[in-house]
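Based on the sequences and whatever the hints tell you, model everything.
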Amino acid sequence: MNLTLKIWRQKDAKSQGKMVDYQISGIEGDMSFLEMLDVLNEDLISKGEEPVVFDHDCREGICGSCSLQINGEPHGPDRLITTCQLHMRKFNDGDTIYIEPFRAKAFPVVKDLMIDRSAFDRIQHAGGYISVNTSGNTMDANAIPVNKHDADDSFAAATCIGCGACVAACKNASAMLFTSAKVSQFALLPQGQVEASERVMAMVNQMDAEGFGNCTNTGACEIECPKGISLENIARMNREYLKASVKG
Amino acid sequence: MGGLIKSSIARKVAMALSGLFLVFFLLQHFSINFTSVFSPDLFNELSHFMGTNPIVQFVLQPILIFAVVFHFVMGFILEVQNNKARAVKYAKYNGGANAPWVSRNMIYSGLVVLAFLGLHFYDFWVPEIVYKYIETNPEVPTRYYEELLHKFESPIRTGLYVLSFVFLALHLWHGFASSFQSVGFNNKYSEGLTKFAKAFAVLIPLGFVAIAVIHYFNH
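Chains as they are written, first to last, in the numbering used here: chain S, 1 to 248; chain A, 1001 to 1219.
It should be emphasised that the hints constitute simulated quantities derived from the structure, not laboratory data. We treat Cβ as the ideally placed atom computed from N, Cα and C, and that holds for glycine. It cannot be assumed that every hint is accurate.
Each pair of labels, with its calculated beta carbon distance range [as the list claims (entries may be wrong)]:
#, chain 1, residue 1, chain 2, residue 2, range
1, A, P1100, S, D116, 27 to 35 Å
2, S, A151, A, T1194, 56 to 64 Å
3, A, H1029, S, H149, 58 to 66 Å
4, A, N1218, S, R79, 51 to 59 Å
5, A, N1218, S, K105, 51 to 59 Å
6, S, R79, A, I1214, 41 to 49 Å
7, S, T96, A, I1032, 50 to 58 Å
8, S, T96, A, L1206, 36 to 44 Å
9, S, L80, A, T1194, 19 to 27 Å
10, A, H1048, S, P190, 56 to 64 Å
Listed below in structure tokens is the structure:
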């Protein structure tokens, strides 16, 4: 497969970036998208050029490291996958592929396609945890009855890998799907309900402080989420936030 | 309280609630307009009531104006903020792959509706205020139907009216259904409620268009 790649190149966080064209050949349909970029980088290194920097780690759809806006969609044209799970068979010989970093003011570009997603970490630090006595008196979680539907919904919310595709897909660069998943996974369980009010207020305030946009319910985040995190979580977060605001 | 006003969720809920209030107003407006098709007398009677009742004029009307102004001012503020949240745009952005055009372009459908509201105020509201409160003319309870007919004489005016309601339908198609999500309502009833909201988004503007077209062809 011969392809034309249009890739965002940016020297560092302070430099201006631009789209640069590359021709690549010998790409097999069974290669993952990241393997295709590996081939490109080997080619660039052999020519003495600077390789393209991109985030990656587990390469099996678990870690959420690989980002990339591919042909205008986070993680490319397939559904319920990360970029490392995208295969080149989704493209045709002669295609032109646009490869850009996830764009958001809160996700500044570090270099080329690598972005700084620590805004998500700071939202987590603001309240994405429960306070548990771990000094030997921890209560067995299984001793607390949990409604099956709540347990399932909580687990589904907890599958969020924090990749940032929701922000990248949203026309407003909103982080509400991510934040709502982290709020929901605790709000649905008895252990999390103790600090539910403080948590939702702190996490939403941090999300706003990071400069993410506002949710306008387009639903793009849910469609592009590699883990299928539902919009129900955003509705739940809105309810939790309103409840906490009324309580004061 | 200051924090609440700055909160993205509080603003989202405020947009939804003001939108729901305007949807309710639209239904009430349509109900009165609809009577003009089959009973000019009933239309005159209802319009006379709305035009002279002090609660409608001095309580509900200011609330309505506040809701309209709030909805579009907040809409602009959110649009500016959302643009800032992605300062560097994508070279290629395939928005249609994951969200319908109407939900991504509420600002444009909203601007058309706002322009129409300007025309509507110029056509109906301003002359009404001048007639009643500036020139202090005596109330003629039978004048409303004739005034309505007069406005739909021009094909350009009627065409603009029809076009505006197409954009209103687009705006409502996303706005009405999504307002429930904004206030935290997403459960087993949501599918039915969304269908109702989408039916409303088509049928009510279509009703307004039908009324305009009927009066235009009745001349």
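- Hint numbers not upheld by this structure, sorted from lowest to highest: Checked against the structure, the hints that fail are numbers 2 and 3, while the rest are satisfied.
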